[in-house]
Amino acid sequence: MNVDVGTVQLAATVVTAVCGGLFLIDAFLRRPDLAGRYWALMYVAAMLASIAYSIWHLRSDVSWVGRAIGHAAAAAAPLYLWSGARAANRRPRTFGWLAPIAAVAVLGAVFADGPEADEWAGAIVLSIAVAAGALLAALEFRGGDLGGNPTARSLSIFLLFAVGYSLLRPIAYLIRGPDEFVVTWFGSATTGLGYIAVVIVTTVTIVQMQSVRLDGSIGGRADRRSLTTEMLDEASFEALARDQLDRGTYHRVQLVLMDIEIDDRETLQQAYGRGSVEVFLAESTASLRRSAPPGAVIGHASTPGEYRMLLPGPSIEAVVERARAIQAGLRDLDEPGEVGVTLTASIGLAGTDAAGYDYDELVAAARRAVTEAQAEGGDEVVVAARGEGA
1 MNVDVGTVQL
11 AATVVTAVCG
21 GLFLIDAFLR
31 RPDLAGRYWA
41 LMYVAAMLAS
51 IAYSIWHLRS
61 DVSWVGRAIG
71 HAAAAAAPLY
81 LWSGARAANR
91 RPRTFGWLAP
101 IAAVAVLGAV
111 FADGPEADEW
121 AGAIVLSIAV
131 AAGALLAALE
141 FRGGDLGGNP
151 TARSLSIFLL
161 FAVGYSLLRP
171 IAYLIRGPDE
181 FVVTWFGSAT
191 TGLGYIAVVI
201 VTTVTIVQMQ
211 SVRLDGSIGG
221 RADRRSLTTE
231 MLDEASFEAL
241 ARDQLDRGTY
251 HRVQLVLMDI
261 EIDDRETLQQ
271 AYGRGSVEVF
281 LAESTASLRR
291 SAPPGAVIGH
301 ASTPGEYRML
311 LPGPSIEAVV
321 ERARAIQAGL
331 RDLDEPGEVG
341 VTLTASIGLA
351 GTDAAGYDYD
361 ELVAAARRAV
371 TEAQAEGGDE
381 VVVAARGEGA
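At position 142 of the sequence shown (counting the first as 1) the number is 142 in UniProt numbering, and the numbers step up by one without a gap.
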């Protein structure tokens, strides 16, 4: 397979510029969260790599510099992808500092080989860095909140192929050297074609995930409530909940955070399609609003089908009964979408007596309780034990 390297590099540069520009414009309009900012850095790194590689192939007098910068930026990109996925999954640490460290390591490897080295200068360190970043990203896209998104799981499979290729590349070079077979199948041209595929698939996936996660709010100008459900969005819920918790601290009032997650959303989507799932979620949202007591703060979480409610809880037992009433209300919905589906929900409760008045710790405790409820088979109510928010 003989492919002109210059043509492939031109195509890669154009594709990266278009895809990166599309995402950055989308990110600017949406005012992204931490995950979106990491992914924006990934595209900046990818575009820098494409420009540097173009200089490498077009300007022989500065090709060494272009190769060094391109390799460094290419090493950082998959690690920023991973950090963004961790942020989207609400991990406590995103390890965003690993990307620049990997870039510096690859830069040093290229410099160590010197300006007279061929296209394989620093390639072994680069391949290892790219494989590690892609593997971490693939695993992260299969877990947490992102794991419930079929598009994210598809990207994780695609990334695993990229991991395999990135590992085979240095192995082939170390065993055979830069012979015709290695240059044909693992050289710059073939790698560039794979790079184009990765950029396109990643862009489609991330833009779709951001649309779902950020609930389609453009430039922050959308109503703070969903236009169809009149329920607070995630950011507004957090702001109001933090205010309630701050005042609850002063008055020493017991508050309970209820994390509600509709069960088997993935199975429903596979069985009935996305459109029907949206009908189910609209029905469940309406039911939750009816079930919420006056004075409760209720809103969407980042994942469709997940809700949060903050309400006064003079006793945790009373809130448990309220949670069971919410579950009963969902089960009693009259055939949502007219397809005879019974909706159930796993509910996690975290009270300020157990987890304190810190919003993040309260959410973390409630999320752990939800996970435990799901592990018990779903349609359960679990109360976070004392100290689980720490």
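Don't take each hint at face value.
As the list claims (entries may be wrong) - Taking CB as the label site, the calculated pair distances span:
{"id": "1", "residue 1": "Ala239", "residue 2": "Leu160", "range": "32 to 40 Å"}
{"id": "2", "residue 1": "Gly164", "residue 2": "Val253", "range": "51 to 59 Å"}
{"id": "3", "residue 1": "Gly378", "residue 2": "Pro178", "range": "53 to 61 Å"}
{"id": "4", "residue 1": "Gln270", "residue 2": "Ala112", "range": "49 to 57 Å"}
{"id": "5", "residue 1": "Thr7", "residue 2": "Val65", "range": "42 to 50 Å"}
{"id": "6", "residue 1": "Leu160", "residue 2": "Arg290", "range": "30 to 38 Å"}
{"id": "7", "residue 1": "Val104", "residue 2": "Glu321", "range": "36 to 44 Å"}
Just so you know, the hints here were simulated from the structure itself, not pulled from any lab data.
Every residue, glycine too, gets a C-beta built ideally from N, C-alpha and C.
Hints and how they fare:
no., hint, in the structure
1, Ala239 <-> Leu160: 32 to 40 Å, "39 Å, holds"
2, Gly164 <-> Val253: 51 to 59 Å, "56 Å, holds"
3, Gly378 <-> Pro178: 53 to 61 Å, "55 Å, holds"
4, Gln270 <-> Ala112: 49 to 57 Å, "50 Å, holds"
5, Thr7 <-> Val65: 42 to 50 Å, "22 Å, violated"
6, Leu160 <-> Arg290: 30 to 38 Å, "44 Å, violated"
7, Val104 <-> Glu321: 36 to 44 Å, "57 Å, violated"
Consistency note: the structure conflicts with the earlier hints numbered 5, 6, 7.
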